[in-house]
Amino acid sequence: MVEREILTGGGVNEVVRIGDTVRRPTGPWSVRVHELLRHLAAQGFPAAPRVRDTSEPGFEILDFLPGEVSNYPPTPAAASVEALESAAALLRAYHDATAEYARRAPRDGWQVPATEPVEVICHGDYAPHNCVLDGNRVVGIIDFDHAQPGPRIWDVAYAAYRWVPMTAPENTDGFGTTEEQAARLRTFCDRYGLDDSARSDLVDVTVARLHALVDFMHAQAAAGNTAFAGHLADGHHIQYLNDAEYVRSNRLVFERALHP
5 MVEREILTGG GVNEVVRIGD TVRRPTGPWS VRVHELLRHL AAQGFPAAPR VRDTSEPGFE
65 ILDFLPGEVS NYPPTPAAAS VEALESAAAL LRAYHDATAE YARRAPRDGW QVPATEPVEV
125 ICHGDYAPHN CVLDGNRVVG IIDFDHAQPG PRIWDVAYAA YRWVPMTAPE NTDGFGTTEE
185 QAARLRTFCD RYGLDDSARS DLVDVTVARL HALVDFMHAQ AAAGNTAFAG HLADGHHIQY
245 LNDAEYVRSN RLVFERALHP
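Residue numbering for the sequence shown follows this note's numbering, starting at 5 and increasing by one per position.
Everything labelled a hint here was simulated from the structure, so no lab data went into it. Treat each hint with caution, since some may be false.
As the list claims (entries may be wrong) - Okay, the calculated beta carbon distance ranges per label pair:
| hint | residue 1 | residue 2 | range |
| --- | --- | --- | --- |
| 1 | SER204 | ASP100 | 18 to 24 Å |
| 2 | PRO117 | GLY62 | 20 to 26 Å |
| 3 | ASP199 | ALA237 | 36 to 42 Å |
Bear in mind that the values here come from a model prediction, so they are computed numbers and not experimental data. We treat Cβ as the ideally placed atom computed from N, Cα and C, and that holds for glycine.
Model the full assembly from the supplied sequences, consistent with the hints where possible.
Spelled out as structure tokens, the structure:
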């Protein structure tokens with residue numbers, strides 16, 4: 005008998021491991037996600053799951069990516085400098101693998117609307133709970149449900165917020181002083197290869213990205229998404245808005261680290 009295991013993580017869907025595959029619920033946007041995953045497979049990108057089967061209504065069968073996934077607060081492995089650097093490097097490799105596809109990809113049909121200017125396919129939720137670690141090294145990316153065509157910096161800003169993390173002191177999901185976070189932010193951006201122009205915009209984009217996330221949560225809850233309604237009931241949106249204000253109010257500390 006093939007062993008079944010409910011996988012835990014930070015997402016909003018129940019995912020069941022069945023042998024070397026995972027069975028996940030799908031939505032109207034999943035057609036676009038499957039096109040993206042098939043493109044990544046054709047590119048030889050090794051860090052994303054392959055599509056195995058989409059014939060069962062309401063579900064998809066994808067490859068299982070072996071390794072560890074961190075929730076919050078992050079595990080010591082996910083909080084390590086090696087994880088920070090490898091997460092940034094893998095995000096850059098993922099973006100580069102999607103750049104050509106993004107030029108011709110449909111702008112509609114994604115769960116999250118496209119954000120202009122489109123440069124890549126943003127993962128949309130590139131965080132420890134959606135990445136797979138081998139020891140302290142990030143080796144895989146999962147849960148592409150929030151993927152959207154958009155600019156690199158839109159994805160980099162949220163990824164940095166999660167991996168640095170750029171969180172207020174009262175947010176128990178985070179760690180580090182503001183100065184320590186700023187140093188980690190520079191490490192992340194250096195390893196990604198973020199250019200000077202994007203670094204100048206990063207604080208503003210991070211604040212805007214967190215506000216966009218809160219708007220998305222409210223829209224999903226209003227549309228009947230019980231998972232996002234639960235997140236609002238638990239006060240997740242307040243945490244994001246507090247963190248956005250923290251990032252804005254510490255702009256000079258973060259920008260000095262980005263432009264030493």
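State the violated hints by number, sorted upward, taking the hints as numbered earlier in the document. none
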